[in-house]
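These protein sequences, in sequence, are chains Y and G.
If you want the working numbering, it's the 1-based position in the first sequence plus 18.
If you want the working numbering, it's the 1-based position in the second sequence plus 671.
Any given hint could be a false lead.
So the derived list for chain G, only partly shown, Cβ under 10 angstroms to chain Y, looks like this [said to hold, decoys possible]:
# : residue
1 : Gly999
2 : Ile1008
3 : Leu1012
The following residues of chain Y were derived to be distant from chain G, with all beta-carbon distances above 10 angstroms [said to hold, decoys possible]:
#  : residue
4  : Asn129
5  : Ala150
6  : Trp173
7  : Ala194
8  : Val276
9  : Gly284
10 : Ser294
If you're looking for bench data, these hints aren't it; they were derived computationally from the structure.
For each residue, glycine too, the CB sits at the ideal point set by N, CA and C.
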Amino acid sequence: MDFSLILAAGIATGTALLFAAVGEIFAERAGVMNLGVEGMMLMGAVAGFSTAVSTGNPWLGVVLAMLTGGIISLLHAVVAIHLRADQVVSGLALTFLGSGLARVFGEGLSNAGATALLPRLTIPLLSEVPIAGKIFFLDQSVLVYVGYLLVPLAWFWINRTRPGLHLRAVGESPAAADAQGIGVYRLRYAYVFVGGLLAGLAGATITLAVSPGWFGEQTTNGRGWIAVGLVIFAQWSPLRAAFGAYLFGTISRFIIDVQGVDTILGTTNPFQAGRSATFFLEMVPYLLVVLVVVIGSREAARKRVGAPAALGTPYVRGERGA
Amino acid sequence: MTIRLEPRVQPPGWLSAAITFAAVGVALVISGVIIAVVGGDPVRSYIHILNAAFGSIGVLSDTLVKATPLLLTGLACALAFRMRLWNIGAEGQFLLGAWGASAVVLAPILPPGTPGFIVIPTMMLAGAAAGGIWGLIPGVLRARLGVNEIITTLMLNYVALFWVQFWVFGPWSEGGFQQTAAFPPEAFLPRLTDFASSVPAFDGLTVQLGLVFGLVAAGIVWLFLERSRWGYEIRLAGDSQRAARYAGVDIARNVIVVFAISGALAGLAGMSEVSGVVHRLQDRISPGYGFTAIIIAYLARFDPFKVIVASVLFGALILAGREIQPSGVPAMIQGIILFSLIVAEVFVRYRVRIERSVAAA
Chain Y
19 MDFSLILAAG IATGTALLFA AVGEIFAERA GVMNLGVEGM MLMGAVAGFS
69 TAVSTGNPWL GVVLAMLTGG IISLLHAVVA IHLRADQVVS GLALTFLGSG
119 LARVFGEGLS NAGATALLPR LTIPLLSEVP IAGKIFFLDQ SVLVYVGYLL
169 VPLAWFWINR TRPGLHLRAV GESPAAADAQ GIGVYRLRYA YVFVGGLLAG
219 LAGATITLAV SPGWFGEQTT NGRGWIAVGL VIFAQWSPLR AAFGAYLFGT
269 ISRFIIDVQG VDTILGTTNP FQAGRSATFF LEMVPYLLVV LVVVIGSREA
319 ARKRVGAPAA LGTPYVRGER GA
Chain G
672 MTIRLEPRVQ PPGWLSAAIT FAAVGVALVI SGVIIAVVGG DPVRSYIHIL
722 NAAFGSIGVL SDTLVKATPL LLTGLACALA FRMRLWNIGA EGQFLLGAWG
772 ASAVVLAPIL PPGTPGFIVI PTMMLAGAAA GGIWGLIPGV LRARLGVNEI
822 ITTLMLNYVA LFWVQFWVFG PWSEGGFQQT AAFPPEAFLP RLTDFASSVP
872 AFDGLTVQLG LVFGLVAAGI VWLFLERSRW GYEIRLAGDS QRAARYAGVD
922 IARNVIVVFA ISGALAGLAG MSEVSGVVHR LQDRISPGYG FTAIIIAYLA
972 RFDPFKVIVA SVLFGALILA GREIQPSGVP AMIQGIILFS LIVAEVFVRY
1022 RVRIERSVAA A
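Just chain Y, same shape as in the assembly (with noise of 0.2 angstroms):
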């Protein structure tokens, strides 16, 4: 096995982990806690491929899965803002209607056959550095470059912008906030929105880039709870949160790589696919994230940067959160 074409190709699952993930950690940095990801991931793999299907362009596809998975969000948005509903049920609910939505709009979808798919880019120079030129910057797909400068600028837009430091406030301190002038609920729905549009973004990157077609609820398979999981290990820093994603990418890669080869070291592969051993290879990125949800909580809980202080709650002026 190459290990560089695996880790390169690691990179690109990744790349839909991290659009998602980063989505996420916009709302819950705004207060909202969203799980309805896995619901807006597959309206906007649906939306994508069935546009770039019926119209051959991927690039019209691209903005109507981030379109969809933006309208779809705002569902939640008001719910949970305005109607201040419990998030987590209004979040599973947004999951359950999206995969139903899009297994209604995906229908026949699968058997559609090849479409155009967004291009894939060599970055000159760069890919000629040794060892990380070949993992990062040859061949890879236009979205996988999207997804560098997504996270420097998701981490900047947070950390060091005024937008930023309202983001920040309206998601620890709603009332502080408030006071201070800003829309706490102007922010959240913007913030739940660009979520949802991310949340789009990684269902696009799936069904157009990384993997495409269209396969009903395996599209995704749990994708869309993984980056939900990452953002508990990320402790809400898009930087943590890429790191996470493109580990969580490759591991996938690796084990569908693994089922392909003979032997290992020698020895009968026992994860040779049509093997049932297969079965626990297939459990270790959900064990994983399990497993770094806890180290995620255990760090939180001791170097005491937890979730955003009001990270769940519903905002509503002149009461005392409960």
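Please build the complex by placing chain G on the supplied structure of chain Y, with the hints as guidance.
Then chain G, alone, in the frame of chain Y:
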């Protein structure tokens, strides 16, 4: 003009019921519009669901067969949610329960030829234990390490799925198919149709003993929640962690116990399904019972007796929905129902005031 939400001090009982019904009605209308948009015929779909689920005594029996696992997993969720523990893992606990019960006859734990009155209780115990252990893991992680239970329960669902697949494709596979050998008749839960020789009217009715497990479990969960000191602690902790802590409730211990019992109920559902319906372990024994259970628990407002009614309704949807095209429609309807229930909840908890901004005196 401004819209204000004023908390109701004591929502009247009838209002809650009326709004719940209205919410389900609105959800069905919205779903109907979407079905029409994608080219279906909503009226025919709904009439089809009613006929295919309640049209005759035979299909009613099939509806109850589908309602049985929903009832037990619905109780599992209702119990956990009552303490505001988000056990989203009933699906995995169901699968582990099915696996544990199957192990009794397939491993085998009991030698072949053991009489049914020993096999069945052993399977029940094994199923509940396996599901309970699967629930215990997120419970302990939450109670001792403060780990978010939503993520852990969800991830364990996937692990459980692969675990069952390993056994049905591997050690227990029958001739390479994705299923195990059929159980011996001693391991079957009795069905009504099994008594057709003495009561001819029962002929063809597949309702099985698992339904009774579910009804009894509903009664027991209700008794515990509403009539025991322990249930009071659970409800108190669910309403206000702080109040419960001041009252001296050992929250960590209760979290673990609730998760274990919740998992055991879902595990029993898995046992009832393999022993009473499928009669073997196979891949995809659940069309998402554990997820529908979340909506059922919410629709029933965590009341064990209302869980019974809600599980029959969703049993009907799952049974009749299988033939509706496109295939995602039942899942979509479930999502819309849950959303409209959440919105409805707002009208129960708050009085909505629409005010013209005339006098800001």
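Consistency of the hints with the structure:
no.: 1; hint: Gly999; in the structure: 3 angstroms, holds
no.: 2; hint: Ile1008; in the structure: 9 angstroms, holds
no.: 3; hint: Leu1012; in the structure: 8 angstroms, holds
no.: 4; hint: Asn129; in the structure: 14 angstroms, holds
no.: 5; hint: Ala150; in the structure: 31 angstroms, holds
no.: 6; hint: Trp173; in the structure: 23 angstroms, holds
no.: 7; hint: Ala194; in the structure: 22 angstroms, holds
no.: 8; hint: Val276; in the structure: 15 angstroms, holds
no.: 9; hint: Gly284; in the structure: 24 angstroms, holds
no.: 10; hint: Ser294; in the structure: 3 angstroms, violated
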